[in-house]
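Those protein sequence lines, which keep their order, are chains R and H.
Everything in the first sequence is counted per this note's numbering, starting at 1 for the first residue and increasing by one.
Everything in the second sequence is counted per this note's numbering, starting at 1 for the first residue and increasing by one.
Since the hints were made in silico from the structure, they are not lab data.
Any given hint might turn out to be false.
Unchecked claim - Think about it this way: if two alpha-carbon atoms lie no more than 30 Å apart in a straight line, the pair counts; the simulated BS3-like pairs of lysine-lysine are:
| hint | chain 1 | residue 1 | chain 2 | residue 2 |
| --- | --- | --- | --- | --- |
| 1 | R | Lys42 | H | Lys89 |
| 2 | H | Lys253 | R | Lys23 |
| 3 | R | Lys95 | H | Lys149 |
| 4 | H | Lys89 | R | Lys101 |
| 5 | R | Lys98 | H | Lys156 |
| 6 | H | Lys156 | R | Lys101 |
| 7 | R | Lys23 | R | Lys98 |
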Amino acid sequence: MRADEAVAASAASAHVTIRGLTKRFTDAVVYDRFDLDIPRGKLMSIFGPNGCGKSTLINMITGLIPTDAGEIFQNYREALFPWLRAIDNIQYPLKLMKLPKAERRARTERMVARLGVKVDLNRYPYELSGGQQQLVSIMRALVVEPQILFLDEPFSALDYEMTLFMRDQLQRIFVETGTTTVLVSHDLEEAVYLADRILLLSRRPACIADYVHYDAARPRTDATLSQHDFVQIKAHCLEVFQREVRKG
Amino acid sequence: MKSTHFDPYLPIIGVVGLIVIWYLAVWYQVVDPVLLPSPVDTFRALWSGMSGGRLGFDFMRTLERTILATLIAAAIAIPLGILLGASEKVYRSVEFVVDFFRSTPASAMFPLFLVLFGVGDKTKVSVAAFGAALVILFNVAYGVMHARKTRLLAAKVMGASRIRVLTDVMLLESLPQTFVGLRNGVSLALVIVVVAEMFIGSTDGLGQRVFEAQQLFAMPDMYAAIFAAGGLGYGLNLMFLLVERQFVHWSGK
């Protein structure tokens with residue numbers, strides 16, 4: 001697998017270029033010569049059948065480029081360090097970068113102010129709600145100003161009310177920072193609502209079933225959900241998804 | 001609700017109930033009075049023994065031995081447990097040996113340790129340390145091995161080196177389980193020390209006190225020594241729990 005920042009003119013808009021990715025687990029081929037370009041400054045959703053290797057893909061990419069990428073995990077309960085206060089969790093990656101204490105604090109404060117987060121960061125993770133914990137882990141990923149942000153079903157452990165709230169938080173963060181973002185989602189509505197590009201994967205070995213553009217203006221709101229192009233694109237994605245599922 | 005007002009006092013009911021039953025048993029002579037002295041006699045013996053008497057001295061000797069054994073066990077088992085737990089392959093290769101000796105009654109090791117260390121404090125402390133160390137070792141290794149994969153991965157993705165992952169994540173992840181090991185270890189050490197004090201030519205300690213009082217048929221003294229041993233065990237456990245709550249505030253959350 002090769003993932004480097006594309007410089008070639010043909011891939012000028014790509015942030016990460018993957019060519020010939022192959023991955024086998026003992027019992028199955030997950031990827032067989034898989035190609036993918038992750039577009040720069042866009043939010044790309046990945047949607048596909050269960051077990052097709054979405055999380056595996058993200059883990060492989062982040063494993064290759066750790067310091068330039070931030071990753072958000074499905075389970076907020078297991079992602080943060082419970083022995084550190086929220087603020088120290090956020091600063092931990094800066095500590096790993098050996099930044100002096102004053103700068104760590106300055107950078108964190110700047111980011112918190114910019115994102116307008118209203119969470120008491122002096123609390124321990126277990127004292128925060130699920131949504132707040134997930135927000136803290138997103139901030140922990142963003143504080144290093146990563147080139148790419150990977151989100152692996154970040155809202156799957158949250159209740160519906162919190163999911164809706166967090167969706168809009170994430171959108172705000174994306175609009176605010178313009179960080180290239182890859183979002184794995186199991187919720188088609190969410191995948192389309194947040195995305196500029198929707199990558200639809202097939203069953204194993206995973207290949208690209210379709211690559212859909214969705215260019216509605218941001219910020220998108222509840223009204224977006226009933227707009228014609230949103231409904232149409234969602235219906236199209238569902239159709240492709242169903243076709244892929246039936247193939248198995 | 002009204003009842004919540006009394007909730008903190010609920011444990012007292014069991015204690016009072018036990019003493020009442022005890023009194024009734026003595027009153028109606030359900031048991032031979034020689035074998036079962038009254039609560040008053042027993043607590044008088046406990047009080048006079050603990051306040052400047054022989055029992056207080058024996059209590060301190062047993063406490064010393066138990067603490068020393070636990071400290072030795074922890075000093076050996078915690079670093080070793082981390083080492084074993086950090087690599088699943090290493091742990092799997094010694095798992096059977098650890099499990100085997102953990103399941104071996106430590107009292108069966110007395111004769112061996114007697115040969116090694118002679119009749120004295122060394123033997124008592126080292127058998128107790130041996131038993132406690134295996135319990136602690138098992139728990140620490142288990143705690144390190146079962147560190148949440150997500151947190152390890154998160155630290156790695158953030159660019160933490162192997163050493164940083166070990167010190168910043170694995171060690172702290174294993175702390176709750178380490179304390180489980182320490183609490184079980186200190187309880188086991190106390191059991192072994194008391195048994196050793198009874199049978200390995202001892203001149204002091206709670207085990208020796210219980211045994212001697214029984215030989216002399218000084219029943220209030222024997223019961224007092226038993227209660228002292230119970231208090232010691234309970235106190236040690238409580239102490240570790242309090243320390244744990246202080247240092248591992250996230251445990252179980």
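*Taken at face value, is the distance from the CA of Lys23 (chain R) to the CA of Lys253 (chain H) at most 30 Å?*
Since the Cα atoms of Lys253 (chain H) and Lys23 (chain R) sit roughly 36 Å apart, the hinted pair is violated (cutoff 30 Å).
*Does Lys156 (chain H) pair with Lys101 (chain R) here, judged by a C-alpha cut-off of 30 Å?*
Distance of about 21 Å is within 30 Å: holds.
_Pairwise hint evaluation, Lys89 (chain H) against Lys42 (chain R), where the allowed Cα distance is 30 Å at most_ = Judged against 30 Å, a Cα distance of about 43 Å means the pair is violated.
*Take the C-alpha atoms of Lys98 (chain R) and Lys156 (chain H), compute the straight-line distance between them, and say whether it is at most 30 Å.*
holds (15 Å)
_Given the hinted pair Lys95 (chain R) and Lys149 (chain H), is their Cα-Cα distance within 30 Å?_
Between Lys95 (chain R) and Lys149 (chain H) the Cα gap is close to 21 Å, so the pair holds against 30 Å.
_With the threshold set at 30 Å, check whether the alpha-carbon distance from Lys23 (chain R) to Lys98 (chain R) stays at or below it._
Distance of about 34 Å is beyond 30 Å: violated.
*If you draw a straight line from the CA of Lys89 (chain H) to the CA of Lys101 (chain R), is it 30 Å or shorter?*
Not satisfied, since the Cα-Cα distance of roughly 38 Å exceeds 30 Å.
Checked against the numbered hints above, the structure violates hints 1, 2, 4, 7; every other hint is satisfied.
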